[in-house]
Amino acid sequence: MRKTNNVIKIKDFKVDKGLPFDQEYNFAYLDENTKKMIRRAIIKALCIPGYQVPFASREMPMPYGWGTGGVQVTASCLTKRDTLKIIDQGADDTTNAVSIRNFFKKTSNIKTTEITEKATLIQTRHRIPETPLKKKQIFVYQVPIPEPLAFLEPKVSETIKMHSLSEYGAMHVKLYEDISKNGHIETAYAYPVKTNDRYIMDPSPIPKFDNPKMNNSPAIQLFGAGREQRIYAIPPYTKVKSLDFEDYPFDPFKAEHACDICGSKNTYLDEIIVDDAGNKSFICSDTDFCNKRKNK
Amino acid sequence: MIIPLLKVTNLSKSYDNIVGCKNISMSLYPGEVLGIVGESGSGKTTLINCLSGNLEPDRGKIIFNINNKETDFLNISESEKRKFIRTDLAFVHQNPRDGLRLNVSAGGNIGEKLMSVGYRHYGNIRSLATKWINKVEIDKSRIDDLPITFSGGMLQRLQIAKNLITSPNVIFMDEPTGGLDVSVQARVLDLIRSLVNELNLTVIIVSHDLAVIRLLADKMIVMKNGTVIESGLSDQVLEDPQQEYTQLLVSSVLHV
Amino acid sequence: MIEVKKVNKSFTLFNQNNAKITVFKNLNFEVNPGEIVALKGPSGIGKSSILKMIYGSYIIDKGAIIINNKNIATLSAQEILKLRKTSIGYVSQFLKVIPRISALDVIMEPLLNSGDNKNNAYKKSIKLLKDLNIEKNLWHLSPLTFSGGEQQRINIARGFIKDLPYLLLDEPTASLDSRNRDIIINLIKAKSNRGVSIIGIFHDEYSRKKLNVREIDLNIETKH
Numbered sequence: 001m002r003k004t005n006n007v008i009k010i011k012d013f014k015v016d017k018g019l020p021f022d023q024e025y026n027f028a029y030l031d032e033n034t035k036k037m038i039r040r041a042i043i044k045a046l047c048i049p050g051y052q053v054p055f056a057s058r059e060m061p062m063p064y065g066w067g068t069g070g071v072q073v074t075a076s077c078l079t080k081r082d083t084l085k086i087i088d089q090g091a092d093d094t095t096n097a098v099s100i101r102n103f104f105k106k107t108s109n110i111k112t113t114e115i116t117e118k119a120t121l122i123q124t125r126h127r128i129p130e131t132p133l134k135k136k137q138i139f140v141y142q143v144p145i146p147e148p149l150a151f152l153e154p155k156v157s158e159t160i161k162m163h164s165l166s167e168y169g170a171m172h173v174k175l176y177e178d179i180s181k182n183g184h185i186e187t188a189y190a191y192p193v194k195t196n197d198r199y200i201m202d203p204s205p206i207p208k209f210d211n212p213k214m215n216n217s218p219a220i221q222l223f224g225a226g227r228e229q230r231i232y233a234i235p236p237y238t239k240v241k242s243l244d245f246e247d248y249p250f251d252p253f254k255a256e257h258a259c260d261i262c263g264s265k266n267t268y269l270d271e272i273i274v275d276d277a278g279n280k281s282f283i284c285s286d287t288d289f290c291n292k293r294k295n296k
Numbered sequence: 001m002i003i004p005l006l007k008v009t010n011l012s013k014s015y016d017n018i019v020g021c022k023n024i025s026m027s028l029y030p031g032e033v034l035g036i037v038g039e040s041g042s043g044k045t046t047l048i049n050c051l052s053g054n055l056e057p058d059r060g061k062i063i064f065n066i067n068n069k070e071t072d073f074l075n076i077s078e079s080e081k082r083k084f085i086r087t088d089l090a091f092v093h094q095n096p097r098d099g100l101r102l103n104v105s106a107g108g109n110i111g112e113k114l115m116s117v118g119y120r121h122y123g124n125i126r127s128l129a130t131k132w133i134n135k136v137e138i139d140k141s142r143i144d145d146l147p148i149t150f151s152g153g154m155l156q157r158l159q160i161a162k163n164l165i166t167s168p169n170v171i172f173m174d175e176p177t178g179g180l181d182v183s184v185q186a187r188v189l190d191l192i193r194s195l196v197n198e199l200n201l202t203v204i205i206v207s208h209d210l211a212v213i214r215l216l217a218d219k220m221i222v223m224k225n226g227t228v229i230e231s232g233l234s235d236q237v238l239e240d241p242q243q244e245y246t247q248l249l250v251s252s253v254l255h256v
Numbered sequence: 001m002i003e004v005k006k007v008n009k010s011f012t013l014f015n016q017n018n019a020k021i022t023v024f025k026n027l028n029f030e031v032n033p034g035e036i037v038a039l040k041g042p043s044g045i046g047k048s049s050i051l052k053m054i055y056g057s058y059i060i061d062k063g064a065i066i067i068n069n070k071n072i073a074t075l076s077a078q079e080i081l082k083l084r085k086t087s088i089g090y091v092s093q094f095l096k097v098i099p100r101i102s103a104l105d106v107i108m109e110p111l112l113n114s115g116d117n118k119n120n121a122y123k124k125s126i127k128l129l130k131d132l133n134i135e136k137n138l139w140h141l142s143p144l145t146f147s148g149g150e151q152q153r154i155n156i157a158r159g160f161i162k163d164l165p166y167l168l169l170d171e172p173t174a175s176l177d178s179r180n181r182d183i184i185i186n187l188i189k190a191k192s193n194r195g196v197s198i199i200g201i202f203h204d205e206y207s208r209k210k211l212n213v214r215e216i217d218l219n220i221e222t223k224h
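From first to last, the protein sequence lines are chains A, B and C.
Mind the numbering: the first sequence is residues 1 to 296 in my numbering, read in order.
Mind the numbering: the second sequence is residues 1 to 256 in my numbering, read in order.
Mind the numbering: the third sequence is residues 1 to 224 in my numbering, read in order.
Note that these hints are calculated values from the structure, not bench results.
Any given hint might turn out to be false.
To be verified - Some, not all, of what chain A presents toward chain B, calculated at C-beta under 10 Å: (1) 151; (2) 152; (3) 180.
Stated by the list, open to error - Calculated lysine to aspartate or glutamate pairs in the EDC-like style (CA-CA distance at most 16 Å, straight line): (4) 162(C) to 109(C); (5) 118(C) to 198(B); (6) 161(A) to 78(B).
Bear in mind the structure is a predicted one, so any value in this text is a computation, not a measurement.
Glycine is no exception: its CB is placed at the ideal position from the N, C-alpha and C atoms.
In isolation and in its complexed conformation, chain A is listed as follows (with noise of 0.2 Å):
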């Protein structure tokens, strides 16, 4: 990985102008006793595949629901020789993504990216990159309801019973409805995932289409809910599995489109609404490869 950094050009980076390295902070923004107190969380997480760890979150430079559960995570796993991307939505250069990423630039001085292959760490709002996760990547997610059972029972005492005792019948309610209402499970985002055969784990509001891009993944999977005080985790080569019915089974949909832009038939696509007479445009979400194949 180290290697592959060396040879990055210049070129593959965008500049921010006007966001020097600021010697002030200490590296990546956080203290290093708290670092270690989510390093802590992070590891134990990782020991229990999609078990949700209760950790201090900080009070973070911008509002909850930006993000501050990913930041802290990343933050604490940050390194200097380490190579960052940070995409909203698939994107790299939408608000969210160009905020933080100027956030650990001031903070930390590492080297960003927009190609996924280059990141050693990848901070993500509601995607997973269309090119696949590979070893020693660190890909963190930003949560912001960590709870899965939540829409059931609005107790934490007894969730957390329920995850206990593996009470998960109740789970399937909501993909009952789905069905019974549309005639086909109608959950799009967010859906719900058992992990390792023992959690039931909320894998953010990620569409379902990327769901099993988690399923044996090579990287280290990370999920930060900042608000919620929660974080848990993926360890490379897991089994994450999404809930369905023996007769309904789970579909990853997307859109009957190809990418407007690179002609891609098997990515995830944007709708996007392009004049005012209502014609629409299909584009991919992931911005970088997208572009990687137009560029082709």
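Chain A is fixed; fit chains B and C onto it per the hints.
Okay, now just chains B and C, sitting in the frame of chain A:
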């Protein structure tokens, strides 16, 4: 010699210094309906909450014997206990809103009980739910409607269906007709009675309405100040009560 | 065979200054298979109480009532329930049913309760309704809307639908006109001919004669 399905020995529960129930002993045999009567505060609800696992008693023994398998209810692990409650017991609340999810369709409510015991085939869940919706005399076209669109009587019937679909071995009912209009009470009572007969259910029913007990229960116990003061066949206790309090209770019933 | 041996019965009315009412002391009699026994005596002497003690609805203070070699006085609640289901039929003086349940369902219920199939129970009930001269348009209505005589016949149908070896009848022919009374008398006779032991309270001389009953005069029996 038949073995009792449920045997309770010296069960006690108090809340600080206030007695909930004290030294309760009783047994229940398969297919029997046991009525518990007594005034408010006599310990009826404390007793069924202890028996159904909603409350932890202070002392005593609760032994279930189901299909020749003995379960020492107060001495099993939390996970075993919850599994037992899920598969072998059912609880029909006085207010059906306590026993149903109001934001989930009628079919989903009934189906949840099946899914919680491991059903994973939508078609099977759906057809069983439909069968039970019919059985409790709700039109099957209402299966995808939310319970908030149901009348009180329908809600109670829905709750009954939800509880019976997994064929539990003991069903607890806390004033099942208590919150209903007089006009629908009779129908719900009749439904409960015909299901009890048809499925040979074992039921413990709490009610302060002696008419409900007379109609449904084979045996009854009378509670006062947390203890059982009289027990026996329902018609015997109601027609030939041996205790002063029971006589008072029976003679207080309004005959119009 | 039903054996009533040295039975005492009294009531204590706690709410009326603990008044103790002795109904009878040292009551003895027996009923053989196929025999019809009529309890006789002025009202208040305890005729219904005897039936209720045999059925287990009243506690037996002292003595024994033996049915099927079992002493009712010492049986547990669930043993009495079982005995009722398999052996003892009881026709009360008045019909007690849930509102809104049809006459047909009321009659079928005892059969369905003991596990008979629906079809069979239906056929038997229809036959009994016809035998009892209940009009067809009433079958699917609640008997609570019926006349006294009709209710009484539904009550009898419910008590007679099963083939049980012991029958307890509390004034089965009261409130009936002569034609319907004869129908009931014939039904009781038929039961008796099949070997059923019957204890009844019959208010009228006519029924007692027709049924050829053995009378037990409680005035005499309880004055030992």
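Going down the list of hints, with the structure as the test:
1. 151: Since chain B brings a Cβ to about 9 Å from residue 151(A), closer than 10 Å, the hint holds.
2. 152: 8 Å, holds
3. 180: Status holds, d = 5 Å.
4. 162(C) to 109(C): OK: residue 162(C) and residue 109(C) at ~10 Å, within 16 Å.
5. 118(C) to 198(B): Holds, at about 10 Å.
6. 161(A) to 78(B): 10 Å, holds
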